Amino acid sequence: MPDSDTLTFVDRPADSVGLVTPHVAKFDTPLPLACGKVLPEYELIYETYGTLNAERSNAVLICHALSGHHHAAGYHGDEDRKPGWWDAHIGPGKSIDTNRFFVVSLNNLGGCHGSTGPVSHNPETGRQWGPDFPMVTVSDWVASQARLADQLGIERWAAAVGGSLGGMQVLQWTMTYPERVANAVVIAATPRLSAQNIAFNEVARQAIRSDPEFFGGWYAEHDTVPKRGLKLARMVGHITYLSEDAMGSKFGRDLRSNDLNFGFDVEFQVESYLRYQGDTFSTAFDANTYLLMTKALDYFDPAATQAGDLASALAPAKCPFLVVSFTTDWRFPPSRSRELVDALTRAGKSVSYANIDSPHGHDAFLLPEPRYHALFSAFMTRIARELNIEETAREETL
Amino acid sequence: MRADLELIYDWVPQGAHVLDLACGDGALLERLAQEKNVTGYGLEIDPDGITQCVARGVNVIEHNLDDGLGSFCDNSYDQVIMTQALQALRRPDKMLDEMLRVAEEGIITFPNFAYWRHRIHLGLRGYMPVSKSLPHAWYDTPNIHLSTFNDFEHLCREKGLVIVDRAVGVGDHKGHWTSKWWPNLFGEIAIFRVRRR
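Protein sequence lines correspond, in order, to chains A and B. The opening residue of the first sequence carries number 1 in the UniProt record's numbering; numbering runs sequentially from there. The opening residue of the second sequence carries number 1 in the UniProt record's numbering; numbering runs sequentially from there.
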């Protein structure tokens, strides 16, 4: 049985899972992909928080978003200044309470944080996969996540949870493996991308692919990275993650210095912020992975197999759903979540929906907010009650 | 449970698929699900109510009733219940149409403005009534369409609806005999069960 990765660490907040170490799961059974290709072997990097109970009934799967990864909570080392990307919601006493639940968070196939992807070695050619890495879809990810669950001895998730692109994976789970998901939490997601969403993704892809350093995706063999392209892609993406109000209140029209300099250097604070975000991202993320992830977003459309009828596509789902949106999210606005909720009610599924008032746009799903926390916790507590999940780690935090 | 909810509980058939408009903390739906195998959804706009529903395991959807019931198909439910919300809607008459589009039967409760205590407030003392069922001051009340037991009957007649059942609640109890004979005067809460003809 996998043990908890969490260690006691005195300098971190009491509600942190503490220091964590990633694990790597190896798979040598070939994985057939939606694009028709087959991945002969692959690895998935993952972290776990909390303790798997004897009944193996308290496991929660975390599915990550576009630029996410396996490191969702806690710290990797003493020098880490920032915890995992969803630390606000995973930990002792948090929405996903690690005193009760055993949380599994992985990096998806095609990722660039340790799971097999474009930066991995292609066993057939001896080169890096690079642009040859096959296109992966949300269904492919879910299939690979199911194999990880098998390896961990988890027959059924107490809950599958995800925001944005992560929410789409959760939806896919409920349709592909209805028996293996006891509950689904779909946050700030959409049942399919709009033309505008795809358009933004295409701008990001063009920025990367038109960078002279891209070399058709073989930049690694030229000892370079398409930094400018990735930076632009991230800048454009970042605009869609924030709300107009959030940007306005954070930066307004503030200037970096007092005077206009009538040039094209950074003048407004918002320019400085976006450039900084883009620069940081361009050295930390793989361009081929970014291209793949945006394509997985674009392709996701479960209703397409049912002539556009989302309710019929959701017919196999068996579990209760919690759907959450945020008022100022314009990337996947509340109306898209409502579309999903309406399909679920038409299909007669168990579903609750809340539209949380937040000024933070799409990014709100990552942040702590009292109502969001109360609602999310209430749903998770109800799951623990119904599945008779006892606290497994209380003594560690007392 | 509130007195009006007790009465409604009896009117919902075993195994019915219902929509509960303004379901509050979900107490009615929870009991109906546990004891009568009732399925369905509550619609609510209050964040605390929504969280309480989720904690109980009651399906709740954040929804502003003034937006209508457009996302729900014709005849997709057995009953639509709406307790203590009619008077706060922008167009109560349109909501009645919507309820009976989505289901064949509707159950509606609202504060009876013609209740004798309300009449004393207005008729003798000359002030807008404030009571247990109408706790707000005139300037901050969410109740923008107050009506009486008789008014609602009149609206149902105009719309050609069948009144299957009617009852009144007084305080925390079902109506006294006086309220049975003179509901418009002695009923504090009006409770109607109506159907399409």
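Among these hints, one or two may not hold up.
[To be verified] Covered, in the sense of this in silico footprint (three residues per stretch, anywhere, with C-beta under 8 Å from a C-beta of chain A), are these stretches of chain B:
1) 50–59
2) 140–153
[Stated by the list, open to error] Capping the alpha-carbon separation at 25 Å, the derived lysine-lysine pairs in DSS-like fashion look like this:
3) 94(B) x 36(B)
4) 37(A) x 26(A)
5) 227(A) x 318(A)
6) 318(A) x 180(B)
7) 180(B) x 349(A)
Honestly, the hints are just simulated from the structure, not real lab data. Since we're looking at a predicted model, the values are computed, not measured. C-beta atoms are modelled at their ideal positions from N, C-alpha and C, and glycine is treated no differently.
- prompt: Which hints from the list above does the structure break, by number from lowest to highest?
  reply: 2, 3, 5, 6 and 7
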